[in-house]
Amino acid sequence: MIFRLSPSSGVPLYFQLMEQIKHAVEISALRAGDQLPTIRKMAEDLVMNPNTVLRAYRELEHQGIVELKHGSGAFIRETADGRARVMRKAQGIVESAIERLASLGLTEDEIRRAFDNELAQLSAGKHAGKAKL
Amino acid sequence: MIDGVIETTQLCKTFKGHAALRGLNLRVPEGSIFGFLGRNGAGKTTTIKLLMGLLHADGGSARVFGTPVTVADGAIEIRRRIGFVSEDKELYPYMTVGQVIRFTRPFFPKWRKDLERRYLEMFELPQTRKVADLSKGMRSKLMLLLTMSRGAELLILDEPTDGLDPAATEDVLRELAGITAEGTTVFFSSHQLAEVELIADHIGIIDRGKLIVSGALDDLKARYQRLQVVFADAVHSPAQWVEGVEHVRQDGRMLSILASRNVDEIADQARSLPGSSVERYPVTLKEIFLEHVRSN
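Going down the list, the protein sequences come from chains C and G. Mapping of the first sequence onto our numbering: residues 5 to 137, in sequence order. Mapping of the second sequence onto our numbering: residues 12 to 307, in sequence order.
For the record, the hints were derived by calculation from the structure and aren't laboratory data. Do not take every clue at face value.
Straight line, CA to CA, 30 Å or less: simulated BS3-like cross-link-like pairs of lysine-lysine [unchecked claim]:
id, chain 1, residue 1, chain 2, residue 2
1, G, Lys-147, G, Lys-60
2, G, Lys-147, G, Lys-121
3, C, Lys-26, C, Lys-93
4, G, Lys-221, G, Lys-297
5, C, Lys-26, G, Lys-121
6, G, Lys-121, C, Lys-45
7, C, Lys-45, G, Lys-60
8, G, Lys-141, G, Lys-124
9, C, Lys-45, G, Lys-221
10, G, Lys-147, G, Lys-124
11, G, Lys-27, G, Lys-60
12, C, Lys-45, C, Lys-73
Quantities reported herein were computed from a predicted structural model and do not represent experimental measurements.
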């Protein structure tokens, strides 16, 4: 399992780590019952702050992806697999959306921007439901 | 609120009429890796020397582990629990690497022999060579070995990776991550924003003797955003931007806005301008740093 963080992207590192662990679950690189590296090991491997690793693990626990067992580490939960199936379904939807956008002549960067922008609007709670391209 | 391992209140220091620190309020939480940033001459080294009891403050107070650094006995007690790497990284030049290590070890009851061996190997330090004959990078590594092996509860490091090659820098940062996992607090100054962004969970930016930005790095990154506002025809600006706009730059039909808080409100305000479309981007530590030290 290889995680890679990009500190200068502006996206908080705990969030990047969370996303990558979730992705690993989605593609079944991590399965229910698998143990994540210890906080110290992860911090040293990725050369990042152990508190940041802990924060990522705690958030993942909060989201029901991992279970933190005191003293023995973080494990992928059974329910995470169900989430992974939903994500694979989502992948299909995104795939067809991207195909349609590409058929309109949009480049990869333009598609990415369109997604990012819509998501930013959504998280700002101002999503009017109309695509702005 | 839990007390910080380091806490200063309105700390002031003047050198020959030049105010190096002008009311510094600093708080370093226990167990954190705190990146202390600032331009040359901003007051970083002065702060560190005050914390170590190597200088006396003209005003305000500084506490380390809750003990005022100004009390003579306090300073000694504090220094027992701290590992310190100074900017100049001075060592006894006539001793060999091995001698310096053997000389230093007995001063520290909690000395970590395991770490000493680990660093000797990792840094490839020649034990029989005299300190005077070491390169700058080698001297830095030796200093770090001596500091990180002593089992300190707090490390105060003034530009610890200065003069190290990228591989050694990576080694040092990795070890700092490991040592923090054991509960040590690390307070370090640096000019390398990329390494600070990697390893620090808290940062403080000092400028002209005052702390102008401080907090958890993730919180700062969540709070700060850049908004890019593109106008269909001409650029419009409101009479007054919502509070939180740090900087606005116009480039053709585009406004680039750096916001430090109230980002949603600012985005709403920008969207209400005629013919505008708004996009939001995350910002890097470098952008936050440059914005503040340039505008201050």
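query = When the hints from earlier in the document are held up against this structure, which numbers fail?
reply = Hints 5, 7 and 9 are the ones this structure does not satisfy, whereas the remaining hints hold.
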